[in-house]
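Quick note, the sequences are listed as chains X and Z, same order. For reference, each letter of the first sequence is one residue, going 1 to 76 in my numbering. For reference, each letter of the second sequence is one residue, going 1001 to 1204 in my numbering.
Please note that the accuracy of each hint is not assured.
Here are the simulated EDC-like pairs of lysine to aspartate or glutamate, each with C-alpha atoms no more than 16 Å apart in a straight line [to be verified]:
#, chain 1, residue 1, chain 2, residue 2
1, X, K24, Z, E1055
2, X, K23, Z, D1080
3, Z, K1200, Z, E1113
If the Cβ cut is set under 7 Å, some of the chain Z residues that face chain X in the computed set are [to be verified]:
#, residue
4, D1033
5, E1034
6, R1038
7, V1072
8, E1073
9, A1075
10, L1076
11, S1128
Estimated spans, in silico, between C-beta atoms of each pair [to be verified]:
#, chain 1, residue 1, chain 2, residue 2, range
12, X, R53, Z, E1113, 31 to 41 Å
13, Z, R1068, X, E70, 16 to 26 Å
14, Z, P1101, X, K24, 32 to 42 Å
15, Z, E1069, X, E70, 15 to 25 Å
16, X, E58, Z, E1139, 23 to 33 Å
17, X, Q61, Z, P1043, 37 to 47 Å
18, X, E7, Z, R1068, 18 to 28 Å
19, Z, A1196, X, E7, 29 to 39 Å
20, Z, A1174, X, E58, 46 to 56 Å
In case anyone wonders, no lab produced these hints; they're calculated from the structure. We treat Cβ as the ideally placed atom computed from N, Cα and C, and that holds for glycine.
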Amino acid sequence: MSHVTEELDARGLNCPLPILRAKKAIAGLAAGDMLKVLATDPGAVKDFEAFCRQTGNELLQSQSAGDGFEFLIRRQ
Amino acid sequence: MAKRMKAAERRASILAVAKVLFADKGFHAVSVDEIARRVGVSPAVLYQHFASKDELYEAVLDSLSAPRETYVEAALDGPDDFASVLQRITRVFISRVDEDPDYFRIELLSVLEGGEVANRFFASRWQSIVDYIEYSLNELVREKQIPVVNERAAALLFQGMIREAIYSKRILNAERYKGISMDKLIHQLLVLFLQAIGYKGPGE
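I would like the entire structure built from these sequences, with the hints used as guidance.
Written out as structure tokens, the structure reads:
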């Protein structure tokens, strides 16, 4: 069963801080673990798509949540 | 297919002409009629592509920025420390300016016009970097990695020195800086900036 290993609250932060934080958080996870990210930066959707493309991690979910967004990333 | 390509080309022409006119005269002095006339279309056709002059101006500003993905790549592509990230994203910023000096003309004109136009420029061009600096310095102070510093003033210092470098090299073409490449000048300014805020990190 999949579960979120870690949650990163990047609300209120703008690019590049959310992705830098995510990079750090993911480095501490094992392959298969998942990182949930909360963000409010309007560009966060594109940023995290690019983040996953560039780091080779899997973007499982990208959705609106409250007044921001929620992302679920699986460490590869 | 031909129709779609023609529309895309027309949109690109409108953007290109608008950029040149905004760079020459600023936002307020340029009319949609003039842009349309120079492109060779009617204002009605222009409005099919851009709902307003505002929207067109925003699109021009967007086209002048490096794509967001380039900043993401720069932020991720190397060490995570503040100095290294700042250097990489500054380089992206500068390289985009170097590719298109019209950017800087538009910015200078927007500052003189003041009000909403200038704010929009700041939001579109500088805010990310300035926010990044303020936030990071705040964190570095809390972690006692640097002495207490006024982050807002420090971010302004950074913005000012980068702007001055662009102005001196690309607009004034100042004799005294001709012998130094933009890249080297920016690097040296970054070193001075880091010294000024008391940063002693791996990126030094």
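To see whether the hints hold, each was checked on the structure:
no.: 1; hint: X:K24 / Z:E1055; result: 37 Å, violated
no.: 2; hint: X:K23 / Z:D1080; result: 9 Å, holds
no.: 3; hint: Z:K1200 / Z:E1113; result: 40 Å, violated
no.: 4; hint: D1033; result: 33 Å, violated
no.: 5; hint: E1034; result: 32 Å, violated
no.: 6; hint: R1038; result: 32 Å, violated
no.: 7; hint: V1072; result: 4 Å, holds
no.: 8; hint: E1073; result: 6 Å, holds
no.: 9; hint: A1075; result: 4 Å, holds
no.: 10; hint: L1076; result: 6 Å, holds
no.: 11; hint: S1128; result: 6 Å, holds
no.: 12; hint: X:R53 / Z:E1113: 31 to 41 Å; result: 38 Å, holds
no.: 13; hint: Z:R1068 / X:E70: 16 to 26 Å; result: 20 Å, holds
no.: 14; hint: Z:P1101 / X:K24: 32 to 42 Å; result: 37 Å, holds
no.: 15; hint: Z:E1069 / X:E70: 15 to 25 Å; result: 21 Å, holds
no.: 16; hint: X:E58 / Z:E1139: 23 to 33 Å; result: 29 Å, holds
no.: 17; hint: X:Q61 / Z:P1043: 37 to 47 Å; result: 44 Å, holds
no.: 18; hint: X:E7 / Z:R1068: 18 to 28 Å; result: 24 Å, holds
no.: 19; hint: Z:A1196 / X:E7: 29 to 39 Å; result: 37 Å, holds
no.: 20; hint: Z:A1174 / X:E58: 46 to 56 Å; result: 50 Å, holds
Against the hints set out earlier in the document, violations occur for numbers 1, 3, 4, 5 and 6.
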